[in-house]
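Asker: Residues per chain are reported as follows:
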Amino acid sequence: MLTGRHLIQPDDLTVSEIEEICSLAEQIIVDPKSFQDVCRGKILATLFFEPSTRTRLSFEAAMLRLGGSVEGFSDADNTSSVKGETLADTIRVVSSYADVIAMRNPKEGAALLASKYSACPIINAGDGGHFHPTQTLTDLVTIRQLLGGLENHTVGFCGDLKFGRTVHSLAEALRHFKGNRFIFISPKELTVPDYLITNILEPAGVKYDIVESLDEVIDQLDILYMTRVQKERFFNEQDYIRLKDSYILDSERMKNARKNMIVLHPLPRVNEITPEVDDDPRAAYFKQVKYGMYARMALIAKLTGAID
Amino acid sequence: MLNVNTIKNGLVIDHIRAGSGWEIYQWLGLDKAPFTSCLIQNVASEKSGKKDIIKIDNIINIDYSVLGFIDPSICVNVIENEKIVRKINMELPSRVQGVFKCKNPRCITQTEHYVKPTFILTDKSKGVYRCEYCDTLYLAGSERR
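First to last, the protein sequences are chains V and Z. If you use the numbering used here, the first sequence corresponds to residues 1 to 308, in order. If you use the numbering used here, the second sequence corresponds to residues 1001 to 1145, in order.
Keep in mind that the hints are not guaranteed to be accurate.
To be verified - 20 Å max Cα-Cα, derived DMTMM-like pairs, lysine to aspartate or glutamate:
id, chain 1, residue 1, chain 2, residue 2
1, Z, K1126, V, D194
2, Z, K1116, V, D194
3, V, K83, V, E50
4, Z, K1087, Z, D1057
5, Z, K1103, V, D194
Calculated from the structure, these hints are not laboratory results. Bear in mind the structure is a predicted one, so any value in this text is a computation, not a measurement.
Between the sequences and the hints, there should be enough to build the whole structure, so can you do that?
Answerer: Right under this line is the structure:
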């Protein structure tokens, strides 16, 4: 039963609950009209303490397509938090108005804290470099739609794996499905954090490799998950400049990839995938955007109790 | 050889990792306490080469779960009538709250100061804790607070 629950991290959902949400998303994809009024009378609050046009619009589009309404802010500068209001108080107030809250905050653990003070479900729309579980649902719906299932895939994660929260969340979710293998491709400075390896992947017995070269492994991959090296995650501009162009996917590299491999990216892209790759049928990152909206529709419908 | 008077009724906190004694002494508030206590540093130890010892001429209440997190190798001897009547070995607590701050500058506890930083035991055999909020890992007995 998902009604009234929070979604802070991928582990908040069991495997069967993930499948339940993915299945509902797939039903909505097939017949969106049947779901266009299921959230009528309900309000989604989008609290975005750091800029993110894409994720916020995806949440808002999802609620509007379910027949609900939206309120919120997209910039913390225009809120009481600049006057010194605590996050706890902001959440107490907003959860008095809304039926569900989608929140993005640059601080790690902010969504967990919010869930302790909220009277309605909190959806973590990204807490710093930590978790981004609805991107994970997006990725899972995309993989199911394009590859037919979530098992037995070799997944290459490439780019900023240290601060790339989408990578952490997707790896956590996919470890529950049998036969998946992960290859982490990044410079040493941006490799996956220790906790992901020691606390999450190793106890689950997941096979993984950590490499520095994309060319070395691209021919083994069913899924290539590209990420952006984000300037805002660095303390030091010199480090950012040195590492930002480390891994770029272009047509030349794609020649060595499998014919049925799919390329995913949480977007926005900067220069890590060259525009020529967009025309390659294996480039799935724009389809992924649309599946993301359907995944969020399914999630909102479940958490608000609009659909059991 | 340094001689310290025998305690009649009190506690001896033994096997403190050398160098950590002053921190524990302060945490217990002994630097401001009205009764007699002493901190002995760099005592020769067969087990660890060097250790610190704290002697307290009073029975005081100690949160042993926190002491276990600060230094799991510690043994507390309870002294009555100048004799050891009980030895208390430390255990790693399942949660530690409000003892130290998370060092991750991106953690929500750095800016929301009403939140008590909380650390959860995730690997008992290695003494690994994680911040409840940001998942930063800590090793019991080795982190600066």
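Asker: Run every hint past the structure and note whether it holds.
Answerer: Do the hints match the structure? See the list:
1. K1126/Z / D194/V: Holds - the C-alpha atoms of D194/V and K1126/Z are around 14 Å apart, at most 20 Å.
2. K1116/Z / D194/V: 24 Å, violated
3. K83/V / E50/V: 16 Å, holds
4. K1087/Z / D1057/Z: 16 Å, holds
5. K1103/Z / D194/V: 16 Å, holds
The earlier numbered hint that this structure contradicts is number 2, and it is the only one.
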